[in-house]
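**Q** So the chains spell out like this:
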Amino acid sequence: MTLKRFIEKLIEGMLMISSSISALAVLLIVLFLFKEGFSLFSTSPLENHNVIVVSKGNPIEKLTAPQIKDIFDQKITNWQTVGGKNDTIILFTINDVSNYFSEEEIGENFEYLPEKLSRLTDSIPSMLAVYPDKYLAKDFKGKTVSVAKNNIPDFISGREWFPTAEPAVQLGVLPLILGTLMVSFFAILFALPVGLATAIYMAEVADERLRKILKPIIELLAGIPSVVYGFFGLIVIVPLIHDTFNLPVGETALAGSIVLAIMALPTIITVSEDAIRNTPRSMKEASLALGANKWQTIARVIIPNSMSGISAAAILGIGRAIGETMAV
Amino acid sequence: MSKQLKEKIAFWIFRLLSLGVILILFWILEFIFVRGWHMLNWKFLTTMPEDGMTKGGIYPAIVGTLYLVAGSMLFAFPLGVMAGIYIHEYTVDSWFKRFVKLMTANLAGIPSIVFGLFGMALFVNTLKFGDSILAGSLTLGLLALPVVIRVTEEALIAIDDSFRLGSLALGATKLQTTRRVILPIAMPNIITGLILSIGRVSGETAPILFTVAAYFLPKLPHSIFDQVMALPYHLYVISTSGTKVAESRDMAYGTALVLVLFVLILNLLANALRRFLSKKVKMN
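Line order of the protein sequences matches chains W and H. All residue numbers in the first sequence are consecutive under the working numbering, ending with 333. All residue numbers in the second sequence are consecutive under the working numbering, ending with 335.
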């Protein structure tokens, strides 16, 4: 008897552990995202341990990543724009070394390079030099400019996304966020009416025989791998849009929206069908007894009653679609 | 406009839109079958890819996918089914149950690419599994976990409480009730759900992108610490980022067809099994 009770407890414990593991997995994932995400915000946008140096007389103390990019793109050519003296910016990167020094001057293993660079930046007051911090001389005569760290407001509102830009990476996710929102908005616009109509049809209009055919089809639609949808979109829908609207490229938000809409359909259909089915029978019958016909019952009783379920369906469907990378 | 006419119009719109949904499915299937069918032969399925993946077969990708599916299911099935049983049969409405339910619901909502990143950080880098079948299977298993839990829970919810009470009233313990009464009835639905979740796992590309998938690896894995090719990733690669996209288009059609056929067969199997098992349970 005690053995039996022991086994019983043991199994209960096992079951409990397994459900705890599943819950923990989510916590871990969330923690991981926060940890990795925040570490990004405390790092400098400068790539490869670069430092930015200017001569001592230069009043510039700080630069932001977009400013650096504009300077290197030659959009900002005067120190005044970034708050310095009225003077043209002379750029210097490690690739320009050979323009200033001969190989003998640098030394075989670059051993004289730090000292040369130090003197160079000091001698040209309007120079902005970027080079790896290992070439920074110990008795450096100029000064290093601190670069604003990646921070959350800039991250969200930044308009440029060049994670591999040299010398400073540009991390602005605004275009990514807007793109995602736009694509999902249009996807919902396509998928919701169609999905809702199919759900109502399956739940209220179609007879049992038709339902038995429709249900597996929807399940299959849900089962097709997202990469196949993406492939389909790439080969069929992209050229289709390309030809219909005479665009130079067909890989547009519209194509993405259509593919995402198709992917969101099965989720929307199944969840809203369940919601519609859950309408109490008494409500339907009361409506019918009052002389309303089926359509009136559906439009005025069933849909308002299952509204919460339907909106959940839309959110779930699009949530699934948003996260899909392969289709877009 | 009379209400009869309105009803007619509305129902016809519903009918047409439903038909549209079906047509979309057949459009996709037709597209893949027609273009991929001529690629499908024994040689395509059993040989290695050649010539920068423009010729040859997809044998390693098929084997890789099978390994990954088996591995992830080995991890997700027991864990998920046990978690589902615990949540529904053992817990009362406590904070623990609410916590686990909330967490599994969230787990289901996490985009698959995030699973991939997480799998890379935890399994590949922290636990030092490297890009391997083990890491990929665990990541995919994590992805399948909420689906398996939900399926199990739903199968258990569908069982009337009178079964539980009847069994308990006869003096059976909780474990006996669960094992001898509840599980046999719930089994058909659980198994169907599991098969469908296999289908979902086998098609996922994003989670294996960083954890296991090899771009081009024309040999079979020797251990669970090897990289493998996988069907969805293979399709992704040869249809978008391959060096010879146009030449490998036929290969892409073939791969897509194999992938879809795999899912199709799993779906049919699940449906057939559901019918067969529910008949059997009724007879008992």
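Source of the hints: derived by calculation from the structure; they are not laboratory data. Some hints could be false.
Unchecked claim - Using 27 angstroms as the maximum straight-line C-alpha spacing, the simulated BS3-like pairs for lysine-lysine come out as follows:
id: 1; chain 1: H; residue 1: Lys330; chain 2: W; residue 2: Lys220
id: 2; chain 1: H; residue 1: Lys152; chain 2: W; residue 2: Lys14
id: 3; chain 1: W; residue 1: Lys220; chain 2: W; residue 2: Lys299
id: 4; chain 1: H; residue 1: Lys148; chain 2: H; residue 2: Lys59
id: 5; chain 1: H; residue 1: Lys57; chain 2: W; residue 2: Lys289
id: 6; chain 1: H; residue 1: Lys225; chain 2: W; residue 2: Lys217
id: 7; chain 1: H; residue 1: Lys57; chain 2: W; residue 2: Lys40
id: 8; chain 1: W; residue 1: Lys299; chain 2: H; residue 2: Lys330
id: 9; chain 1: H; residue 1: Lys330; chain 2: W; residue 2: Lys14
id: 10; chain 1: H; residue 1: Lys225; chain 2: H; residue 2: Lys152
id: 11; chain 1: H; residue 1: Lys57; chain 2: W; residue 2: Lys299
id: 12; chain 1: H; residue 1: Lys59; chain 2: W; residue 2: Lys299
id: 13; chain 1: W; residue 1: Lys9; chain 2: H; residue 2: Lys225
id: 14; chain 1: H; residue 1: Lys59; chain 2: W; residue 2: Lys289
id: 15; chain 1: H; residue 1: Lys148; chain 2: W; residue 2: Lys14
id: 16; chain 1: W; residue 1: Lys299; chain 2: W; residue 2: Lys217
id: 17; chain 1: H; residue 1: Lys148; chain 2: W; residue 2: Lys9
id: 18; chain 1: W; residue 1: Lys220; chain 2: W; residue 2: Lys289
id: 19; chain 1: W; residue 1: Lys40; chain 2: H; residue 2: Lys54
id: 20; chain 1: H; residue 1: Lys59; chain 2: W; residue 2: Lys217
id: 21; chain 1: W; residue 1: Lys220; chain 2: H; residue 2: Lys148
id: 22; chain 1: W; residue 1: Lys299; chain 2: W; residue 2: Lys289
id: 23; chain 1: W; residue 1: Lys289; chain 2: H; residue 2: Lys54
id: 24; chain 1: W; residue 1: Lys217; chain 2: W; residue 2: Lys289
Small disclaimer: the values here were computed from a predicted structure and weren't measured.
**Q** Each hint: holds or not?
**A** Do the hints match the structure? See the list:
{"no.": "1", "hint": "H:Lys330 x W:Lys220", "verdict": "holds (19 angstroms)"}
{"no.": "2", "hint": "H:Lys152 x W:Lys14", "verdict": "holds (22 angstroms)"}
{"no.": "3", "hint": "W:Lys220 x W:Lys299", "verdict": "holds (22 angstroms)"}
{"no.": "4", "hint": "H:Lys148 x H:Lys59", "verdict": "violated (47 angstroms)"}
{"no.": "5", "hint": "H:Lys57 x W:Lys289", "verdict": "holds (18 angstroms)"}
{"no.": "6", "hint": "H:Lys225 x W:Lys217", "verdict": "violated (36 angstroms)"}
{"no.": "7", "hint": "H:Lys57 x W:Lys40", "verdict": "violated (57 angstroms)"}
{"no.": "8", "hint": "W:Lys299 x H:Lys330", "verdict": "violated (34 angstroms)"}
{"no.": "9", "hint": "H:Lys330 x W:Lys14", "verdict": "violated (34 angstroms)"}
{"no.": "10", "hint": "H:Lys225 x H:Lys152", "verdict": "holds (22 angstroms)"}
{"no.": "11", "hint": "H:Lys57 x W:Lys299", "verdict": "holds (10 angstroms)"}
{"no.": "12", "hint": "H:Lys59 x W:Lys299", "verdict": "holds (10 angstroms)"}
{"no.": "13", "hint": "W:Lys9 x H:Lys225", "verdict": "holds (11 angstroms)"}
{"no.": "14", "hint": "H:Lys59 x W:Lys289", "verdict": "holds (19 angstroms)"}
{"no.": "15", "hint": "H:Lys148 x W:Lys14", "verdict": "holds (18 angstroms)"}
{"no.": "16", "hint": "W:Lys299 x W:Lys217", "verdict": "holds (21 angstroms)"}
{"no.": "17", "hint": "H:Lys148 x W:Lys9", "verdict": "holds (26 angstroms)"}
{"no.": "18", "hint": "W:Lys220 x W:Lys289", "verdict": "holds (23 angstroms)"}
{"no.": "19", "hint": "W:Lys40 x H:Lys54", "verdict": "violated (60 angstroms)"}
{"no.": "20", "hint": "H:Lys59 x W:Lys217", "verdict": "holds (23 angstroms)"}
{"no.": "21", "hint": "W:Lys220 x H:Lys148", "verdict": "violated (32 angstroms)"}
{"no.": "22", "hint": "W:Lys299 x W:Lys289", "verdict": "holds (9 angstroms)"}
{"no.": "23", "hint": "W:Lys289 x H:Lys54", "verdict": "holds (17 angstroms)"}
{"no.": "24", "hint": "W:Lys217 x W:Lys289", "verdict": "holds (23 angstroms)"}
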